[in-house]
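Q: If you want the building blocks of each chain, they are given just below.
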Amino acid sequence: MSTDQFFQSEYKYGFVTDIEMESIPKGLSEETIRRISAIKKEPDFLLQFRLRAFEKWKGMKEPNWAKLGYPPIDYQNICYYSAPKKKQAIKSLDELDPELLRTFEKLGIPLDEQKRLSNVAVDIVFDSVSIGTTFQKKLKEAGVVLCSITEAVELYPELVEKYLGSVVPIGDNYFAALNSAVFSDGSFVYIPKGVKCPMELSTYFRINDKETGQFERTLIIAEDDSYVSYLEGCTAPAYDKNQLHAAVVELVARDRAWIKYATVQNWYAGNKETGAGGIFNFVTKRGRCAGFKSKISWTQVEVGSAITWKYPSCILQGDESVGEFYSVALTNGKMQADTGTKMIHLGKKTRSTIVSKGIAADASRNSYRGLVHIAKRADGARNYTQCDSMLVKDKCCVTTYPYIEVGNPSSSVEHEASTSKMSADQLFYLRARGISQEEAIHMVVNGFCKRVIQELPLEFAAEAQKLLTLKLENSVG
Amino acid sequence: MLLIKKLCVEIEGKKILKSFDLQVLPGEIHALMGPNGAGKSTLAKVLAGHPDYEVTSGEILFQGKDLLELDPEERAHLGLFMSFQYPLEIPGVSNEQFLHAAYNACAKASGKELLSEEAFEKKLVEKMALVEMRTEFRGRSLNEGFSGGEKKRNEILQMALLEPSLAILDETDSGLDIDAMRIVARGVKSLMDPTRSLILITHYQRLLDYIPPDFVHVVLDGTIVESGSKELALKLEERGYDFLTPQGASC
Chain A
0 MSTDQFFQSE
10 YKYGFVTDIE
20 MESIPKGLSE
30 ETIRRISAIK
40 KEPDFLLQFR
50 LRAFEKWKGM
60 KEPNWAKLGY
70 PPIDYQNICY
80 YSAPKKKQAI
90 KSLDELDPEL
100 LRTFEKLGIP
110 LDEQKRLSNV
120 AVDIVFDSVS
130 IGTTFQKKLK
140 EAGVVLCSIT
150 EAVELYPELV
160 EKYLGSVVPI
170 GDNYFAALNS
180 AVFSDGSFVY
190 IPKGVKCPME
200 LSTYFRINDK
210 ETGQFERTLI
220 IAEDDSYVSY
230 LEGCTAPAYD
240 KNQLHAAVVE
250 LVARDRAWIK
260 YATVQNWYAG
270 NKETGAGGIF
280 NFVTKRGRCA
290 GFKSKISWTQ
300 VEVGSAITWK
310 YPSCILQGDE
320 SVGEFYSVAL
330 TNGKMQADTG
340 TKMIHLGKKT
350 RSTIVSKGIA
360 ADASRNSYRG
370 LVHIAKRADG
380 ARNYTQCDSM
390 LVKDKCCVTT
400 YPYIEVGNPS
410 SSVEHEASTS
420 KMSADQLFYL
430 RARGISQEEA
440 IHMVVNGFCK
450 RVIQELPLEF
460 AAEAQKLLTL
470 KLENSVG
Chain B
0 MLLIKKLCVE
10 IEGKKILKSF
20 DLQVLPGEIH
30 ALMGPNGAGK
40 STLAKVLAGH
50 PDYEVTSGEI
60 LFQGKDLLEL
70 DPEERAHLGL
80 FMSFQYPLEI
90 PGVSNEQFLH
100 AAYNACAKAS
110 GKELLSEEAF
120 EKKLVEKMAL
130 VEMRTEFRGR
140 SLNEGFSGGE
150 KKRNEILQMA
160 LLEPSLAILD
170 ETDSGLDIDA
180 MRIVARGVKS
190 LMDPTRSLIL
200 ITHYQRLLDY
210 IPPDFVHVVL
220 DGTIVESGSK
230 ELALKLEERG
240 YDFLTPQGAS
250 C
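So the sequence lines, in the order shown, correspond to chains A and B.
Numbered per numbering that gives the first Met the number 0, the first sequence spans residues 0 to 476.
Numbered per numbering that gives the first Met the number 0, the second sequence spans residues 0 to 250.
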């Protein structure tokens with residue numbers, strides 16, 4: 000095992016799948032966009048959407064306000080579309096290229112009928128395209144739609160046209176504009192009126208190709224009185240060059256609907272010692288609580304990526320609507336994360352809760368950035384924010400930037416923050432009682448993150464806890 | 000049980016223990032007394048395996064094994080227990096979860112039966128009664144928001160659960176009121192039998208009234224300068240440490 004492999008051994012998802020791909024040439028122009036749209040046989044409204052976004056993007060500047068340092072991204076040196084070559088149309092996931100099936104098996108996402116995660120329907124996105132969805136039949140019976148956005152464009156064009164860009168407008172920010180221009184695939188979820196989705200929905204994103212950017216687009220619509228719990232997972236091979244990931248996620252919750260959206264992000268974070276390689280993760284996630292008493296809950300466990308720039312937000316438009324944000328961001332090696340949320344209170348008696356736990360180890364940087372905005376008409380709005388940071392060793396840096404804008408005197412905003420150190424003494428105390436070093440780290444870290452982990456779907460909570468321990472083991476030493 | 004030979008210990012270049020010798024046989028109770036900074040707590044931490052202390056020479060045998068070769072958890076598995084002078088707080092980890100993990104880790108290492116949550120709970124309730132702790136302390140985060148006395152009682156609760164063959168109590172009596180002292184002392188005493196040994200680090204005679212030691216040692220400047228029976232403690236209480244002179248031991 001080379002030294003490099005040794006240092007990377009804690010990242011077990013760093014392998015590459017050898018599979019024939021169909022890619023377009025690198026570079027970004029109107030031609031690229033027309034080509035992507037043509038490959039996907041898109042209706043005209045979507046091509047126009049893309050072109051409008053591209054026009055916007057050309058006039059925008061890459062944001063630099065985040066506490067992040069990285070070399071300039073060459074947008075002409077990225078491939079914007081890459082997909083596994085399909086020999087013929089497949090009828091079920093079991094007909095997939097065995098190499099792909101093995102890949103997902105290795106990632107812990109078994110796709111074949113017998114071994115599937117019970118009660119979790121999975122949509123798989125490999126590089127630029129969705130390659131299939133499990134449990135289609137069961138979902139259909141309930142009236143729930145879980146499919147790739149490409150299929151949605153074909154099957155439900157009116158829904159896509161109505162909602163795409165309705166929460167994150169094409170010109171919202173630099174990376175959202177880029178995504179709107181070039182997005183290749185992603186997931187689409189539609190929960191009809193009154194339906195409680197009978198199972199967890201999940202999308203698994205895998206970047207495989209070396210020079211492909213991943214620009215996925217997710218759209219979830221929950222009609223009146225519906226409920227859905229959705230989880231996304233992300234991994235990528237260990238390359239020594241950086242790769243760009245710029246996703247957009249839009250959620251719409253109607254009257255009394257509740258969307259729970261959870262993320263376990265474990266993209267390749269780059270070499271721990273040199274910082275070479277790793278994913279640049281620039282993501283725009285936003286939900287609109289459009290209806291009365293609607294609710295959107297974001298839960299994220301961010302443990303990967305060289306750069307994370309991500310602020311899952313809620314627009315609390317409907318009266319008495321509720322927004323929640325539970326986050327664990329762990330950085331080690333030379334990772335940099337600037338993450339947080341925005342809670343925009345527009346409706347009356349809207350409520351939001353923010354619980355953010357940042358853990359920084361080695362020479363990493365970890366910032367929480369959050370905005371709580373209470374509009375003038377948001378009578379009786381309430382926010383509670385709790386922001387805790389934990390330092391592991393002393394070369395790392397944690398920062399908190401809470402922005403609070405209150406425009407209504409009857410509202411209340413609470414903010415609590417703490418910074419602590421995972422001390423050698425804490426670990427020694429546990430070890431002196433017979434608990435192993437590994438389990439001691441596990442207990443201290445997961446104790447710290449408990450409030451967030453308990454928001455994850457059960458199937459993934461244990462996995463997330465293990466991931467946190469694994470990431471810190473070499474850093475505590 | 001325990002044999003310490005010519006032990007020299009430094010922290011950040013400062014010599015703390017200087018050619019320290021001590022032997023503890025099964026069933027014996029030893030009291031270590033002496034002024035602050037003499038090295039008593041350092042000895043306790045070195046025995047438990049604290050990573051900050053550097054043993055520059057000397058040896059420690061525990062149950063016939065070279066203690067210095069072992070990780071802190073392996074020492075615990077062998078039956079060594081140190082009650083912390085300042086127990087740490089671990090937010091988000093419930094006392095019961097911690098105690099259960101510690102119990103099963105030690106049980107596993109010594110080939111004893113692991114306890115299920117229900118079985119452990121039963122045992123825990125029984126042991127908590129011994130140190131008069133209310134059951135609400137099971138669900139609370141480990142030591143978080145506990146008073147000084149509650150933390151010390153929680154230490155003795157851990158001792159009661161782990162049933163160590165050698166326990167080192169580092170100023171467990173400091174900061175306790177008379178009632179708490181009585182409870183702690185009674186708890187400790189009830190755990191003693193002819194196979195188990197105890198090292199009490201204390202400043203006060205009062206604890207020794209409850210738990211009479213077989214030997215009293217006076218530690219000055221990193222080494223034992225005087226050893227005797229429990230009467231020595233009474234003499235110290237009366238005269239202080241001034242009548243003893245440091246030996247000027249070196250490493």
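In case anyone wonders, no lab produced these hints; they're calculated from the structure.
Among the clues, some could well be false.
[Said to hold, decoys possible] Taking lysine to aspartate or glutamate and the EDC-like style, the derived pairs with C-alpha atoms no more than 20 Å apart in a straight line are:
(1) A:Lys392 <-> A:Glu404
(2) B:Lys150 <-> A:Asp424
(3) A:Lys84 <-> A:Glu21
(4) B:Lys107 <-> A:Glu437
(5) A:Lys449 <-> B:Glu143
(6) A:Lys420 <-> B:Glu88
(7) B:Lys107 <-> A:Glu150
Q: Now look at each hint and say whether the structure bears it out.
A: Results of checking the hints against the structure:
The straight-line distance between the Cα atoms of A:Lys392 and A:Glu404 is roughly 35 Å, outside the 20 Å bound, and the hint therefore fails. With a C-alpha separation of about 16 Å, the suggested pair B:Lys150 and A:Asp424 falls inside the 20 Å cut-off, and the hint holds. A C-alpha spacing of about 6 Å is found between A:Lys84 and A:Glu21, which places the hinted pair at or below 20 Å, so the restraint holds. For the hint pairing B:Lys107 with A:Glu437, the CA-to-CA distance comes to about 16 Å; that is within 20 Å, so the pair holds.
Of the pairs offered as hints, the one joining A:Lys449 and B:Glu143 holds, with about 15 Å between alpha carbons and a cut-off of 20 Å not exceeded. Of the pairs offered as hints, the one joining A:Lys420 and B:Glu88 holds, with about 12 Å between alpha carbons and a cut-off of 20 Å not exceeded. Between the alpha carbons of B:Lys107 and A:Glu150 the distance comes to roughly 54 Å, so the proposed pair goes past 20 Å and is violated.
Violation of the numbered hints given earlier is confined to hints 1 and 7; the remaining hints are satisfied by the structure.
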